[in-house]
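Modelling step: build the complete structure from the supplied sequences, incorporating the hints.
2 protein chains.
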Amino acid sequence: MSEIRKTALAAKAAQRALSQATEEEKNRALYMISDAIEDSREKILSANAEDVRAARESGMSESLIDRLSLNEKRIHDMAQGVREVAELDDPTGKILEEIRRPNGLLIKKVSCPIGVIGIIYEARPNVTAEAASLTLKSGNAVVLRGSASALKSNIALTEVMRDALNKSSISPDVIALVRDVSHEGAKELMTMNDALDLLIPRGGAGLINRVVKESTVPVIRTGVGNCHVYIDSTADKNTAIELTVNSKTGRPSTCNAAETLLISKDYPDITGVLSALTNAGVTLHGCSKTCEIYPDALPATEEDYEKEYLCLEMCVKIVSGIDEAIEHISRYGTGHTELIITSSDENAERFMNEVDAASVNFNASTRFTDGGQFGFGAEMGISTQKLHARGPIGLKELTIYKYKVYGSGQVRK
Amino acid sequence: MSEIRKTALAAKAAQRALSQATEEEKNRALYMISDAIEDSREKILSANAEDVRAARESGMSESLIDRLSLNEKRIHDMAQGVREVAELDDPTGKILEEIRRPNGLLIKKVSCPIGVIGIIYEARPNVTAEAASLTLKSGNAVVLRGSASALKSNIALTEVMRDALNKSSISPDVIALVRDVSHEGAKELMTMNDALDLLIPRGGAGLINRVVKESTVPVIRTGVGNCHVYIDSTADKNTAIELTVNSKTGRPSTCNAAETLLISKDYPDITGVLSALTNAGVTLHGCSKTCEIYPDALPATEEDYEKEYLCLEMCVKIVSGIDEAIEHISRYGTGHTELIITSSDENAERFMNEVDAASVNFNASTRFTDGGQFGFGAEMGISTQKLHARGPIGLKELTIYKYKVYGSGQVRK
Chain X
1 MSEIRKTALA
11 AKAAQRALSQ
21 ATEEEKNRAL
31 YMISDAIEDS
41 REKILSANAE
51 DVRAARESGM
61 SESLIDRLSL
71 NEKRIHDMAQ
81 GVREVAELDD
91 PTGKILEEIR
101 RPNGLLIKKV
111 SCPIGVIGII
121 YEARPNVTAE
131 AASLTLKSGN
141 AVVLRGSASA
151 LKSNIALTEV
161 MRDALNKSSI
171 SPDVIALVRD
181 VSHEGAKELM
191 TMNDALDLLI
201 PRGGAGLINR
211 VVKESTVPVI
221 RTGVGNCHVY
231 IDSTADKNTA
241 IELTVNSKTG
251 RPSTCNAAET
261 LLISKDYPDI
271 TGVLSALTNA
281 GVTLHGCSKT
291 CEIYPDALPA
301 TEEDYEKEYL
311 CLEMCVKIVS
321 GIDEAIEHIS
331 RYGTGHTELI
341 ITSSDENAER
351 FMNEVDAASV
361 NFNASTRFTD
371 GGQFGFGAEM
381 GISTQKLHAR
391 GPIGLKELTI
401 YKYKVYGSGQ
411 VRK
Chain L
1 MSEIRKTALA
11 AKAAQRALSQ
21 ATEEEKNRAL
31 YMISDAIEDS
41 REKILSANAE
51 DVRAARESGM
61 SESLIDRLSL
71 NEKRIHDMAQ
81 GVREVAELDD
91 PTGKILEEIR
101 RPNGLLIKKV
111 SCPIGVIGII
121 YEARPNVTAE
131 AASLTLKSGN
141 AVVLRGSASA
151 LKSNIALTEV
161 MRDALNKSSI
171 SPDVIALVRD
181 VSHEGAKELM
191 TMNDALDLLI
201 PRGGAGLINR
211 VVKESTVPVI
221 RTGVGNCHVY
231 IDSTADKNTA
241 IELTVNSKTG
251 RPSTCNAAET
261 LLISKDYPDI
271 TGVLSALTNA
281 GVTLHGCSKT
291 CEIYPDALPA
301 TEEDYEKEYL
311 CLEMCVKIVS
321 GIDEAIEHIS
331 RYGTGHTELI
341 ITSSDENAER
351 FMNEVDAASV
361 NFNASTRFTD
371 GGQFGFGAEM
381 GISTQKLHAR
391 GPIGLKELTI
401 YKYKVYGSGQ
411 VRK
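One line per chain: the protein sequences are X and L, in this order.
For the first sequence, the working numbering assigns the number 1 to the initial residue and increments by one for each residue that follows.
For the second sequence, the working numbering assigns the number 1 to the initial residue and increments by one for each residue that follows.
In short, the hints are calculated from the structure, not lab data.
Some clues are possibly wrong.
Stated by the list, open to error - Listed below are the simulated DSS-like cross-link pairs for lysine-lysine, each with C-alpha atoms no more than 27 Å apart in a straight line: (1) X:Lys-187 / L:Lys-187; (2) X:Lys-108 / L:Lys-413; (3) X:Lys-413 / L:Lys-307; (4) L:Lys-94 / X:Lys-94; (5) X:Lys-94 / L:Lys-396; (6) L:Lys-396 / X:Lys-109; (7) X:Lys-289 / X:Lys-307; (8) L:Lys-396 / X:Lys-307; (9) L:Lys-109 / X:Lys-94; (10) X:Lys-109 / L:Lys-109; (11) L:Lys-108 / X:Lys-6; (12) X:Lys-94 / X:Lys-73; (13) X:Lys-213 / L:Lys-413; (14) X:Lys-109 / L:Lys-94; (15) X:Lys-213 / X:Lys-307; (16) L:Lys-108 / X:Lys-108; (17) L:Lys-109 / X:Lys-108.
To be verified - What follows is a list of derived Cβ distance ranges for each label pair: (18) L:Glu-346 / X:Lys-94: 14 to 24 Å; (19) L:Lys-213 / X:Ser-288: 25 to 35 Å; (20) X:Lys-413 / L:Arg-331: 26 to 36 Å; (21) X:Lys-94 / L:Gly-281: 38 to 48 Å; (22) X:Thr-22 / L:Gly-321: 40 to 50 Å; (23) X:Glu-23 / L:Asp-269: 37 to 47 Å; (24) X:Thr-278 / L:Gly-375: 56 to 66 Å; (25) L:Glu-346 / X:Arg-100: 41 to 51 Å; (26) X:Thr-278 / L:Asn-103: 23 to 33 Å; (27) L:Glu-98 / X:Glu-72: 56 to 66 Å; (28) X:Gly-104 / L:Ser-253: 40 to 50 Å; (29) L:Glu-24 / X:Arg-100: 36 to 46 Å.
Stated by the list, open to error - Footprint (simulated), chain X over chain L, 3 or more residues, beta carbon under 8 Å: (30) 58 to 68; (31) 126 to 136; (32) 146 to 152; (33) 213 to 219; (34) 358 to 366; (35) 393 to 402.
Glycine residues also receive a C-beta, built at the ideal position from the N, C-alpha and C atoms.
What follows is the structure in structure tokens.
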């Protein structure tokens with residue numbers, strides 16, 4: 001039996017006991033993990049330093065090295081994050097519905113953990129603690145498969161967390177790290193349907209597409225955000241500028257950043273918005289009408305409309321109105337977050353009803369699509385598929401339900 | 001562009017309009033479909049007769065021919081089924097949650113259709129009308145891909161339904177039939193992620209496993225039920241006999257039929273239950289202890305415990321108590337329905353909490369796991385996976401949600 005299979009089956013066995021743990025037991029374990037992370041910062045930092053050194057030698061870009069690197073503050077934040085998960089409400093054991101049938105059967109629909117969740121992720125080692133704490137609190141075991149470049153950091157982190165669990169009532173096997181980071185190992189994990197109930201990829205589009213394509217285990221597709229801002233003819237001028245600039249430049253590398261601006265031809269201050277974007281350092285790729293009235297814009301190509309820039313670049317298209325805006329989004333959107341800026345409640349409702357996305361916003365920045373901003377606490381990513389969960393995947397989205405059917409001898413005729 | 005791709009993209013375009021239709025418009029369309037099915041019974045029966053003739057010539061078994069065959073009563077039931085779906089509550093547009101954030105944002109979580117749902121199914125032509133009506137009522141488009149043996153019946157049925165829609169306000173393209181029933185066609189459908197949001201296979205284990213394995217579109221796995229009955233030491237004798245016999249023999253070919261009986265060694269009337277099963281015509285495959293005390297039982301093999309018999313055969317294992325029963329179910333169960341028969345509320349709760357299945361029953365037949373019996377009305381199958389929906393897939397389970405975020409110019413700092 002391969003190391004990966006052994007690890008996953010041990011996680012599965014340990015999850016059965018975890019699913020019966022009380023909220024108090026789970027919280028105690030999370031506080032112990034949090035303390036252990038703070039107390040073991042030297043061990044973690046020294047493992048991370050080795051990863052960073054190797055990454056630098058292999059020529060990794062500075063922005064990726066920044067994502068890989070830990071320091072005292074990041075370790076403190078990680079530990080703090082685990083404590084915050086402990087303080088969130090336990091999502092399991094909730095009675096979601098009670099049905100009394102004419103034959104006397106009482107059916108309770110009760111929330112419960114999903115089971116064993118695999119996470120395939122790229123360089124950021126803080127995902128390791130984040131994923132482990134969210135899954136533990138929701139009663140799930142986790143099988144972590146990070147990237148080769150972060151392997152030493154991930155080993156140190158999971159050792160610290162598992163050692164902490166060893167002193168708790170919860171088996172350390174609920175936090176499992178796959179040390180075989182080969183492509184074959186990933187493939188094995190993606191097809192281990194008898195051990196894994198769910199796979200969540202976290203990383204770039206290449207990783208996510210590979211997992212969606214190769215996995216036979218159910219997947220939640222996350223984090224591809226080609227988000228649009230539509231400025232309607234009646235939009236307030238200041239609101240239009242503030243929301244567009246915040247949606248684009250607040251943090252351009254995130255999936256909830258806006259990538260294309262659609263403006264109604266009847267909006268009276270098109271150049272005002274475009275100048276504000278230019279002043280904020282954004283390079284604009286415009287349709288032919290945009291380029292006519294705003295010569296600083298470069299001509300946009302078909303690929304520009306499809307692109308998730310993730311940097312200070314943006315497409316601009318002048319449209320005939322809300323219909324063309326909805327049409328454009330339906331064609332190019334990825335179902336993440338779409339914003340209308342308008343003074344018309346009617347157009348806002350129409351946009352929010354007809355646009356098919358996880359979050360449809362009316363006069364509120366696209367940047368709000370985030371577990372913390374929604375009030376869910378930490379999250380495991382933003383789902384852009386339409387099965388199970390859409391938008392932020394917080395604790396509740398890491399649960400499913402079972403039906404408890406209470407009878408007194410009923411048979412079906 | 002292939003026929004399948006054209007069909008699916010037309011369904012996708014039509015679904016956008018359907019998602020905005022009122023409940024009244026959808027119901028009117030469903031009643032028109034129902035009437036059209038009754039009125040077109042001759043067309044449907046004559047197409048079905050051709051399928052049945054070809055199936056008989058190809059040597060199809062009588063039981064499969066029975067599943068393929070339509071008659072006046074089955075057509076009437078089909079039309080009646082469509083009317084019943086019209087009478088169910090519209091599951092879309094429900095406000096599931098309202099969140100008011102400190103910054104003034106109002107976030108409404110609202111139920112909405114999933115989008116385009118593909119159904120890959122085997123011979124029974126009544127699935128065609130059932131799937132089309134459930135998806136239409138929930139605002140989804142459907143792409144139907146039935147088997148080659150039922151192609152003429154399915155063409156006739158979808159023509160009748162689409163003609164009815166032509167007279168309604170809803171585009172006929174929301175009910176699409178794939179006429180290319182080749183394996184390559186199925187593969188194309190299973191990987192059309194830009195047009196399909198969900199695939200539901202309905203049929204035998206072979207079909208379901210193929211779809212789970214090959215599909216890159218999200219799948220709901222349905223209908224594999226290796227269900228267990230556990231008779232605890234304190235079970236009431238009559239209840240034990242009635243529930244076990246009903247669970248096994250009520251309708252042995254369905255996925256909610258029981259396949260293995262686990263009995264506590266301390267249950268005082270083991271042979272009473274086994275005789276009742278024998279008298280009901282059930283062939284028993286027993287563990288060594290069972291064979292000792294009940295010589296009519298054949299010896300059970302490892303494969304017997306894994307098997308979904310779907311006929312009048314059953315495994316019997318005498319266990320030391322509830323722990324061994326839970327252990328056995330955890331190893332062999334498929335997460336469908338598991339039953340404990342006991343007089344102990346404590347053991348019942350323990351069983352229902354620790355056994356990981358869609359439905360965990362206490363003194364109620366396994367046969368109740370069914371959309372109609374749960375009070376959901378018609379259903380699209382029983383999900384045995386743990387993502388999105390577990391148990392009966394009724395109208396509500398064919399929806400997802402979106403977040404409508406109402407702001408007044410909020411930006412994220």
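Which numbered hints fail: The structure breaks hints 2, 8, 11, 12, 13, 19, 22, 25, 27, 28, 29, 30, 31, 32; every other hint is satisfied.
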